[in-house]
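Chains as they are written, first to last, in the working numbering: chain A, 95 to 200; chain B, 270 to 427.
Each hint should be verified, as a subset may be incorrect.
As the list claims (entries may be wrong) - Using 20 Å as the maximum straight-line C-alpha spacing, the simulated DMTMM-like pairs for lysine to aspartate or glutamate come out as follows: (1) A:K182 / B:E392; (2) A:K182 / B:E397; (3) A:K182 / B:D346; (4) A:K182 / B:D372; (5) A:K182 / A:D100.
Said to hold, decoys possible - Computed far set for chain B versus chain A, every beta-carbon distance over 10 Å: (6) A293; (7) F294; (8) R318; (9) V323; (10) R328; (11) R364; (12) F365; (13) Q369; (14) R370; (15) D372; (16) S381; (17) G425.
Rather than coming from a laboratory, the hints here were simulated on the basis of the structure. This one's a predicted model, so the numbers in the text were calculated from it and none came from an experiment. Glycine is no exception: its CB is placed at the ideal position from the N, C-alpha and C atoms.
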Amino acid sequence: MTAFLDALSWVFLASGGLFCVIGAVGLLRMPDIYTRVHAASVLDTLGAGLILLGLLLQAGLGLVAAKLLVIGLLIFFASPTATHALAKAAWTHGLEPMATSRRSRP
Amino acid sequence: MFYAASAGLALYAFWLLLSGHFEAFLLSAGAASALAVAWLSHRMDLIDREGHPVHLGPRALLYWPWLLAEIVRSAWDVSRIIVHPRLPISPTLVRFRPSQRTDLGRVILANSITLTPGTITIEASAEEFLVHALTEAGADALATGDMDRRVTGFEGSP
Chain A
95 MTAFLDALSW VFLASGGLFC VIGAVGLLRM PDIYTRVHAA SVLDTLGAGL
145 ILLGLLLQAG LGLVAAKLLV IGLLIFFASP TATHALAKAA WTHGLEPMAT
195 SRRSRP
Chain B
270 MFYAASAGLA LYAFWLLLSG HFEAFLLSAG AASALAVAWL SHRMDLIDRE
320 GHPVHLGPRA LLYWPWLLAE IVRSAWDVSR IIVHPRLPIS PTLVRFRPSQ
370 RTDLGRVILA NSITLTPGTI TIEASAEEFL VHALTEAGAD ALATGDMDRR
420 VTGFEGSP
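All chains, full assembly: derive it from the sequences and hints.
See the structure below:
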């Protein structure tokens with residue numbers, strides 16, 4: 095059982111790392127600030143989430159696991175707030191997104 | 270009063286979690302600090318339905334799993350776009366009017382949209398939301414208003 099949990103945790107850690115790399119590649123490949131922010135959000139959702147999940151399995155039940163969950167909660171609330179602040183700052187400074195089309199819903 | 274008590278309990282639980290020591294002195298010091306902070310925040314009128322939205326608790330158990338599934342699915346989609354050789358993006362701006370009745374509800378909607386990879390809330394007000402989507406498909410999914418309706422249900426009565 096411990097060997098199985100250990101293996102599972104490494105699968106989570108490795109795939110989390112992979113998504114972090116994908117997010118970083120996206121940051122470089124995307125053409126403007128708004129699309130780059132989209133790439134970065136892969137990092138702090140799947141990347142950070144999977145790594146935390148892997149660490150949770152390593153930690154087992156206890157205070158450390160609870161602290162990891164609190165870190166997850168912090169990311170859950172803080173990262174969209176920071177992302178929104180970044181996008182809004184770019185928008186208020188008049189940075190035009192290279193949007194190919196526009197939609198609206200009444 | 271209920272909100273102040275709940276905030277005090279949450280603070281105490283957080284204090285215990287960070288301390289990790291369970292001796293009589295530290296336990297009572299933590300209780301005293303939690304009480305003092307709860308009382309001060311109560312005096313400063315910081316604890317209300319918006320500052321400490323504990324009434325959302327039960328419904329969060331329904332909304333968060335759905336949001337989590339959305340996040341995983343769209344993070345996967347965005348990852349596939351990033352590793353695609355031609356980088357098939359079609360950035361789109363979406364404007365819509367949110368249907369929430371409270372500021373808290375609109376904050377939940379704005380954060381949910383931003384947390385989902387592929388969509389970012391640029392502007393959020395009671396009259397209009399401005400969202401940047403990485404692809405037209407993402408913009409169309411947003412324009413169906415599914416998330417908007419779910420957040421309004423989650424928010425409950427004001």
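Outcome of the hint check:
no. : hint            : in the structure
1   : A:K182 / B:E392 : 6 Å, holds
2   : A:K182 / B:E397 : 14 Å, holds
3   : A:K182 / B:D346 : 24 Å, violated
4   : A:K182 / B:D372 : 18 Å, holds
5   : A:K182 / A:D100 : 42 Å, violated
6   : A293            : 19 Å, holds
7   : F294            : 19 Å, holds
8   : R318            : 17 Å, holds
9   : V323            : 15 Å, holds
10  : R328            : 17 Å, holds
11  : R364            : 4 Å, violated
12  : F365            : 4 Å, violated
13  : Q369            : 15 Å, holds
14  : R370            : 18 Å, holds
15  : D372            : 14 Å, holds
16  : S381            : 8 Å, violated
17  : G425            : 20 Å, holds
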